[in-house]
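**Q** Protein sequences, first through last, are from chains A and B.
Add 3 to the 1-based position in the first sequence for our numbering, that's all there is to it.
Add 1378 to the 1-based position in the second sequence for our numbering, that's all there is to it.
Some clues are possibly wrong.
[What the hints assert, rightly or not] Computed footprint of chain B on chain A, listed as stretches where at least three residues anywhere in the stretch have a Cβ under 8 Å from a Cβ of chain B:
id, stretch
1, 39-48
2, 85-98
3, 110-117
[As the list claims (entries may be wrong)] A short list of chain A residues far from chain B (calculated; beta carbon distances all over 10 Å):
id, residue
4, Ile7
5, Glu18
6, Asp32
7, Asp58
8, Arg107
Think of the hints as simulated: they come from the structure by calculation, not from any bench.
It should be emphasised that the depicted structure is a prediction, and the values quoted were computed from it without experimental measurement.
Cβ coordinates follow ideal geometry from the N, Cα and C atoms, glycine included.
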Amino acid sequence: AQKITQTQPGMFVQEKEAVTLDCTYDTSDPSYGLFWYKQPSSGEMIFLIYQGSYDQQNATEGRYSLNFQKARKSANLVISASQLGDSAMYFCAMRGVKETSGSRLTFGEGTQLTVNP
Amino acid sequence: NAGVTQTPKFRVLKTGQSMTLLCAQDMNHEYMYWYRQDPGMGLRLIHYSVGEGTTAKGEVPDGYNVSRLKKQNFLLGLESAAPSQTSVYFCASSYLAETQYFGPGTRLLVL
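Could you put the whole structure together from the sequences, leaning on the hints where they help?
**A** Here you go:
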């Protein structure tokens, strides 16, 4: 079974500073994918970034980067130069190779990020 | 290009009533999914489909049925609603096993 753990229910950061949101995972699949989604107060789920387990480099998308440490089974999201609009719930999710017939995602419980002016 | 749309946005049901949630995508994606999100929790997979005419159970399928008669549509049905099905329902689609893109969600309240 797959499991995603997000140990930070809430995080606070000052505007323009960087913040790291933690995500650890557990899987027995040899190949898997890790995702981060943002859910603002309006409720929609917005895809941010993806990391494949065999990718050699950490994924980056604009101000978002994924600090992938395979041996530690962690896939932390780093947001640089935080903006007020970054205030939202952030979910880490995983897809295992055994479930590619469906590509189902397993989600963590989320981290509520608040950016202070 | 509307992406993934869901109908309705909000619904109130009485216990025992039935309803159907509609999901539509215009991205020509093969795979479609229904998730539910309960307060303070991540999303959990209800049912999914890997193509027109196919459906499969996810993590929490009890009390729900689905149909995928057309590639672009994925319907979620509640035959006899229960208060435990009060939740926010999200539909998603993906090109095969790639990134999933989500609809705006449907808030369902069962009294």
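**Q** For every hint, state whether the structure bears it out.
**A** Right, here's what the structure says about each hint:
With 4 residues having a beta carbon nearer than 8 Å to a beta carbon of chain B, the stretch 39-48 of chain A meets the requirement of three or more and the stated coverage holds. Only residues whose C-beta sits within less than 8 Å of a C-beta in chain B count toward coverage, and the stretch 85-98 of chain A has 3 of them, enough to reach three; the restraint holds. Coverage of the stretch 110-117 of chain A by chain B holds. Counting CB-CB distances below 8 Å, 4 residues qualify, and the rule asks for three or more. Here Ile7(A) does not stay apart from chain B, with its beta-carbon only about 7 Å from theirs, under the 10 Å limit.
Every C-beta of chain B lies more than 10 Å from that of Glu18(A), the closest at about 26 Å, which supports listing it as non-interface. In this structure Asp32(A) is separated from chain B by more than 10 Å, as the shortest Cβ-Cβ distance comes to about 13 Å. With 10 Å as the threshold on Cβ separation, the claim that Asp58(A) sits away from chain B holds: the shortest Cβ distance comes to roughly 14 Å. At the 10 Å boundary, the C-beta of Arg107(A) falls inside the reach of chain B, the nearest C-beta of that chain being 5 Å off.
The structure does not agree with the numbered hints 4 and 8 stated previously, though it agrees with the rest.
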